[in-house]
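If you follow the hints, you should be able to join the two separate chains into one complex; please do so.
So the protein sequences, as listed, match chains C and R.
Take the first sequence: its position 36, counting from 1, is numbered 36 in our numbering, and each next residue is one higher.
Take the second sequence: its position 688, counting from 1, is numbered 688 in our numbering, and each next residue is one higher.
If you are wondering where the hints come from, they were derived from the structure by calculation, not from laboratory data.
Values in this document were obtained by computation on a predicted structure and should not be read as measured data.
A portion of the hints provided could be inaccurate.
[Unchecked claim] Derived SDA-like pairs: lysine to any residue, alpha-carbon spacing no greater than 25 angstroms straight-line: (1) LYS11(R) / LYS4(C); (2) LYS11(R) / GLN150(C); (3) LYS4(C) / ALA118(R).
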Amino acid sequence: MADKVPITLTVNGTKHSVHVEPRTLLVQFLREHLSLTGTHVGCDTSQCGACTVHLDGMAVKSCTMFAVQADGSSVTTIEGIGEIGHLHPLQQGFWEMHGLQCGFCTPGMIMSAADLLQHNAKPSEAEIRHALEGNFCRCTGYHNIVRAVQHASGQIQNQAQAADD
Amino acid sequence: MAEKMFGKALKRVEDPRFITGTGNYTDDIAVHGMVHAAMVRSPYPHAKIKSIDSSAALALPGVIAILTGKDLVGAGINPIPTGWLLPDLKISAHHAIQPEEVNHVGDIVAAIIAETRAIAEDAVALVDVDYDVLESVSLGSTALAAGAVQVHPEAPGNLAFDWTIGDAAATDAEFAKADKIVKLELRNHRLVPNAIEPRASLAEYKRAGDEYTLHTTSQNPHIHRVMIGAFVMGIPEHKLRIVSPDVGGGFGSKIFQYPEEVIVLFAAKKVNRPVKWTARRSESFVSDAHGRDHETVAEAAVMNDGTLLALRVNTIANLGAYLTTFAPAVPTYLYGTLLNGTYKWKAIHAHVRGVYTNTVGVDAYRGAGRPEATYVVERIVSTVARELGMDPVDIRRKNFIQPSEFPYQTPVALQYDSGNYEPAMDMALEKLGYKALRAKQAEMRKQGKYIGIGVCTYLEACGLAPSALVGSLGAQAGQWESALVRVAATGVVEVLTGSHSHGQGHETAFAQVVADELQVPVEHVVLVHGDTARLPHGWGSYGSRSAPVGLSAITMACRKITDKAKKIAAHLLEASVEDMEHVDGKYQVKGVPERSKSFFEVALMAHLAHNYPADLEPGLEATHFYDPKNFVYPFGTHLAVVEVDADTGRTKLIRYVCVDDCGPIVNPLIVEGQVHGGVAQGMGQALLENTVYDASGQLVSGSYLEYTMPRADDMVQLEIGHTVTPSPHNPLGLKGIGEAGTIASTAAVANAVIDALEPFGVRHMDMPFTSEKVWQVIHASQLAQAADD
Ligand code: FES
Ligand code: FES
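For reference, chain R alone in the conformation it holds in the complex (with noise of 0.2 angstroms):
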């Protein structure tokens, strides 16, 4: 029998190529010829553009063009479009190069085409732009005031879209019943996704045939492709080829179509030779979308036992200067749904406002929209639980829907399909052992060390999504994902995939799925992804949709093929087809293991069609198109444990446990990274990370020296379980995991640090949970106790 893969701690085939430093990634790729591009960016917020004088620049030997806004609309290239509209959403035009007027610190005034980068760098101090600087905004809040400073004339008052979830007047009647209303004010800080990996571009152009290709550092290549060239450039899709090769890490911030891809496409056509651009790091700060970046007023209305009635959010959204390709769905159809968390309200309103501020563009970000709402809920339970004296795990249990209760309608339309919330829960519990650690935690007190718990019961939607569903929404995008396998005549497997791995290890877990379903040995199977000229139309990977849609779609297109293989098998064997199994790798008229077929000899038959089913036709490849049902629920327990050096206000984190059921797990090492990973960008936002506009719309915290990334000794060994609670409508019953670990490790370390400064009569504050701030409290807390004494 052969070795089943699925649920193997197999190691990545992915890895030797990067562990002997041969990836592939964009800017690794030289071609003959090339060139390169460097922006000419805006050092102001908001400003209108009187001139730009690039002679001096032109003159520089080695400058081979300058590329302004001017000759882009004049070339007919058109604005980036949003992918996802909502109704009455005021959109402004987004210029790959503005023409006009510039509307955050980043935005590209004009480019530089040059012989080296060096030049082309150098050539960017020389273009004197004339600018008449007009007044900003950075702060959603702010933006939203009367009278404040107009960033859009399409847009007044600045308000992108107002848009509300939920039934108020049910609400409002949970209110006027209630015990008790816990209100908080939260902020949900702006955040940049640092993939380590630089975006990069290299664009060619081929004048006989009038093709492009475009490398770029790209989670989705077809959606790339789809808006640069039917909606951008006007570039017909099979002249528009988009390969996406190694990755170095996406979060979200490389699902989104740049404005530096569409110049280095229209500069390789314009100087008919290659042209690449590399983001300095620098450069990314001011270009990468941005994530978070939420202002929000939570109240919970409840009853002394414990009870959670109702819950009305009231967000200000923060979109920057831009809607990006996603932006408007984040703050709403991914925020407002999910912020019935895991707990059974009777009412939920949520009313968001986008608005426009002179900021570089906020878009998802791991998590994107599910992280604002899990930090909204379990925030706002471990408060309710504080002021009513009961314990965070007690409120939670007490208030989780029950595993008989599914499916699920919450009040903000999402219908959770399972779940099972306690048993991950318990298990964290015992893995911590809490109640031990809380009553340590007493002791400790008593000594003046102070260490904090944090109990987050998340739940997340996935999976994106039934497309019907997300179109209804205003996503301009289907959500299915695409699989082609190809079974070659030696009997080696081709899996074509629309998902792209940007570090998940695809090449490893898709492998494992395919080998056990064609029963072939797993380094026979390999995976292509990334490149549009060779793979079906898909959609790419973002909302931890890789595994319960790309992975289902190559599932089903492995059993056409079992069914074909079958066939064939059976008029080799001239045997009925319905007398037909596949067992050990082979296929066999069933019980009778002599007269069988290997895979090999189906594959080869297939191929030559010597001896061959009248009525099938030959070759051995299936391609399926799946769309998912529903989102995937995935849920879990994490607990953070913090402590706080009262004396300097030092926030570490000292134990983490979390328990995920994310379905059945194909690879537990991917897995845990993903879970390990993931966790680390939330203790950052937590406990590091900051983005930080100054009053004038400068980004201050614009490169590593300011902006605080998490680092090895920031993070300790993570404690972590499973349980297993299978999506019922997906073929392998498979949850997304990418971006649990991020969506639940906010909330959990955010609550521990609360917990741990209780005694300093901390109710809530906002994160990031600095040593300054941290010290700031315990401070004020200590001085006030002083004078009462």
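The shape of chain C in the complex, shown without the other chains (with noise of 0.2 angstroms):
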């Protein structure tokens, strides 16, 4: 076992100075350390986005890198984007659409379409399947969790057009 190193990141905008040993995923840190227990973990292999989170604004897998490599960052969970009362359009979208059965792979999902909504703020059905590749659902054959991310994309445009009146 390795000797714990101090790491300093920003989770959902507080920051955290800690010891962690080196091969502390950083799955396991935001569970584990901080209990921010919405992000999920479901595989062992990098395949199913459970675990999404957004590092320095871009979705990763945080069962795919160490805490450690995560020093100096700030880190966004499901726990971050959103609460009741003022849900992120993503959360709202798969609330309102039936986007989640047993809830499992949500936080990951809603985390992943998160990040194709920044960066294409009105994608086509085919871009949001391709965008969420990465994220296995068993229970919804996926139908509501697109619809959801239209939702969202829809609720998004909205809001700037709001915005820009």
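Okay, structure coming up:
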């Protein structure tokens, strides 16, 4: 067991200076050290996307990097993008369109979709499906997930429109 | 008038916690003093354990204990039983940790308990197990062949059971009359359920009171309690609490009582610390019960006009190394009885042999036996149509059981109580634009483009089921369901159900029904499930039973509440009970709205009992145990359209139309969600997923790198419709919908692919229709064509 190393990172706006074992995965750090259990683990081969978070604004699979690699970075998890009363348009979209069943894939789906919408505010159905290739859902057949992302995309555009007016 | 909730597409009340990352799944729970378990698993499919040297592992700082099979046997821990017995079933002991012999890759030989998960996993690598490696067998038909490797001494020739259903002589007689006999050899390959939440268990033990609590990923916590408590560990039921909190999908795989649950409970007492285990996905592949794995020869006797006479089916069902909880039932009573489909076969005979192999146990996976049966029936009916030069729609229409013929006694035990198959089929054909698409298909073929249309007119039996019936067939469990409806003094309604939601949205759909029954606001209804310490005994969720059985129990309990509330209100209003009516959320004297009591007033008085009928108990709660009279029989038509790229073999779903009849729909959002997910799983089997054991018994598709899961871009937006034929025997006429999509879609997609490949002379090929396989048959056909030219 290697000695613990100091890292500093900001998670959902809160700065944490901690010591972690070098082999601690980012997802493990979030779940076990910070009790942010909204980020899930569904595989051990970087395929399922249940662990997706944003690292300095980009979607990453938090099972695929060490916490030490996030040193100095800013991480946003599902707990950080919205909350009841102030839902992110994607959270709202998943709720409205029944984009989840068991909910296990949902945080990762929302974080991946948020990344998509940051880069492409009005994705086509094919673009949505392509962007979510790295996220597995066993429950929904992706049908309503696509609709949820479309719903969110519409919301975001309406908001932008309203802001412009 | 209060708005009726039944039938409303209400947004789910459980969603806020899931979309904000505040769900509570088993692995999310951490308790003080918790330590971690990791399993030492066999790398061999079949071996004797000669010795286990755990000294190096024990020496690792942070390792607390190492458990072996001998420790468990020595402490009086029994093997894990199966929950379904067939006559003359050959059973081999399935120990949580195998003491002497391992029988599949992934079988547990030891368990490490350590301060952290990382240390426990490090220690796994340090345990030195000396194996005497034995020969192994992984394919059912190979295991049955003469001279095959023997998996268990208890099952000579690896035969666990030999089961038949139907009338062999009557079937032979129909075959003798037939104009034509159509034969198919079908492999329904093995699948891994792959709920995205891996299994997890957390055991706590309290010395004071000698009590255990197990949080575990279960679809049916009471089944876990019965099996672990009464059979495996000898813990009195009141000292074993099973909690199944939020569960990330089940699809059958979380019905079963698994070894790891016993191990963490045993360890928690032994080390006197809470013990958690969470599966790595690679462990899930070799330890979650698999599904399907049939090798079947089916023959249909038919007349030249398309009349279906008789069906003869011979199936080898690979059961894996051990009989898991429902394993013996799945390829027998949930399969053979479904071979009639929606047609008027005069006779059917099925012969199923259940076979042990050195593979992971095979049990219920979404649909459980019914997808396998539907695949046989729907593939052979489409093949018959092709060979008679009929349209696959026409042959179905010709042979459907007619609405006037219900109740309909099939030749394979089931009595269908209701059904109306043609309207569902016509609606689906219309949605698809079937005729036009057939014309387009012919056009496209001329241009070297190949689409295929697959038809599946399925029926299924679900809503398990009358207890006396399943008991007579070998179930070691009842199949009724419980509900306890408890009204608080403030009028809040707590509904405790034995059904379990692991994605099905019970908190919403069940509340809708309760809101209507009690005429209370839906947000005043709170569902409680998944905790044996809080609930009456129940049997959980599988076999699409939550709505027809669980919700029926709730409905009946609500009606008891209403009856009692009327008595209380009558007393308060100094009226007779017979004069009371329940309207608009009030209990009023018939036709006199001024003389009424609200639900709240009645609930409050039930608790105060200050001014109360002398002959009535105080309190306002009711329990109902509902035992259904029959299965329910959902049905429908699924139409799949695929496109095959002849140059690459790539086969893609391009349209999917389904019309299901699951009776009255409580919440269309939830019902359609079930259909979407079910179809994706069935499509996954047809086009993508496969579980492959190599010749040496290794699982070569043991991770998501090799096991192709359906992804977002493999699916299309489904075109969905419904017809409504209520079940005649439960209070709301409900039927199940959880599995229908999977039951229907595999056959629909397979029929579509075979249809697309017709120009290449393909009569049948086995799933999954991967690009490589499809390219091979196209290429072979083109070569043959070229040689002919
Ligand atoms: S946990 Fe599956 S990709 Fe990270
Ligand atoms: S909602 Fe269950 S895995 Fe996506």
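Hint by hint, work out which the structure violates, then give me just those numbers in ascending order. Of the numbered hints, just 1 does not hold.
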